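Asks: Fit chain D to the known structure of chain C by using the hints.
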Amino acid sequence: GQQVMQIPQYQHVQEGEDFTTYCNSSTTLSNIQWYKQRPGGHPVFLIQLVKSGEVKKQKRLTFQFGEAKKNSSLHITATQTTDVGTYFCAGQASYDKVIFGPGTSLSVIP
Amino acid sequence: GAVVSQHPSWVICKSGTSVKIECRSLDFQATTMFWYRQFPKQSLMLMATSNEGSKATYEQGVEKDKFLINHASLTLSTLTVTSAHPEDSSFYICSARPADIVTYEQYFGPGTRLTVT
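Those protein sequences? They're chains C and D, same order as listed. Residue numbering for the first sequence follows the numbering used here, starting at 1 and increasing by one per position. Residue numbering for the second sequence follows the numbering used here, starting at 1 and increasing by one per position.
Excised from the complex, chain D in its bound form:
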């Protein structure tokens, strides 16, 4: 149980284009989903917290107009990297917190490797 999927697993795009990454909780409902960015051999940096039906909360330094987050349902959140640049190349990981249990644990998706050329 508690499986989170991400799509695509990897993507290569040209500079200036936009890329959408989907995060789905497959067997549970998640009122809260988190988006992280991870550089090689580094820790996970929280980008934003996504709550179903409301606007995402972005961490300081994360451009909300560049990283558009939509949490349209209890099982789906999307991250769109707009006008991507090579410095946006990274590993993006989402996580989801189950809605029906009293716990703070998060279940992570497998991540999406974004390369901007």
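So that you can see chain C by itself, here it is in the shape it has in the complex:
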């Protein structure tokens, strides 16, 4: 079945450093979504990428969708302590099925 992988599992960065998490799907996706879950909280939708090669930016966050629509990345520039949390990618291969990656847990050292 469809699998979604993410690396790294954990990332500790000094405040101000950049951070990147990578997401790979075993199958071609119709779209990919990114979510952020703060410790003790629930996942919050960040963005959705649909087009092959798409790049979207949200302030310090840059999201990319691969040309083959099987991989994606999230890059945070100049991390802040408010960026702490687990970032999940979620791949959608069919209308009613979204598979979440295992997540990348980001710690930011002030």
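Residues from chain D that keep clear of chain C, each with C-beta distances beyond 12 Å, as calculated:
{"hint": "1", "residue": "PRO8"}
{"hint": "2", "residue": "GLN29"}
{"hint": "3", "residue": "GLY53"}
{"hint": "4", "residue": "LYS64"}
{"hint": "5", "residue": "LYS66"}
{"hint": "6", "residue": "PHE67"}
{"hint": "7", "residue": "LEU68"}
{"hint": "8", "residue": "SER73"}
{"hint": "9", "residue": "THR75"}
{"hint": "10", "residue": "GLU87"}
{"hint": "11", "residue": "ASP88"}
Below are the DMTMM-like pairs computed for lysine to aspartate or glutamate, each with C-alpha atoms no more than 25 Å apart in a straight line:
{"hint": "12", "chain 1": "C", "residue 1": "LYS97", "chain 2": "D", "residue 2": "ASP65"}
{"hint": "13", "chain 1": "C", "residue 1": "LYS57", "chain 2": "C", "residue 2": "GLU15"}
{"hint": "14", "chain 1": "D", "residue 1": "LYS64", "chain 2": "D", "residue 2": "GLU22"}
{"hint": "15", "chain 1": "C", "residue 1": "LYS36", "chain 2": "D", "residue 2": "GLU22"}
{"hint": "16", "chain 1": "C", "residue 1": "LYS97", "chain 2": "D", "residue 2": "GLU52"}
Simulated from the structure, these hints should not be mistaken for lab results. Just so you know, these numbers come straight off a predicted model, no measurement behind them. Quick reminder that beta carbons are idealized off the backbone N, C-alpha and C, glycines included.
Replies: Same frame as chain C, now just chain D:
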């Protein structure tokens, strides 16, 4: 906008009893709601997809007779854990997809922490 609530936020029950968890979309209609289970420091595992007015679609390995899902209206889905056992203790999260916009994003409820003693 796009707020999803869950009730209760936490529940403790005895082994063998049943527990019902409600998921409501407060300011939008959702033809599709999803139920996930999340173990500590792990990802969300899709349990089932709930469509209003029809039977839920369960993921492989999820017992439909144990996890009863009802999606009676466009704003409410319920998950009933029947004959709960300690291994059912987990964090259950629902999400809802708005019916009136062309998007695949989901809005998550705050989750329900279930502890079975």
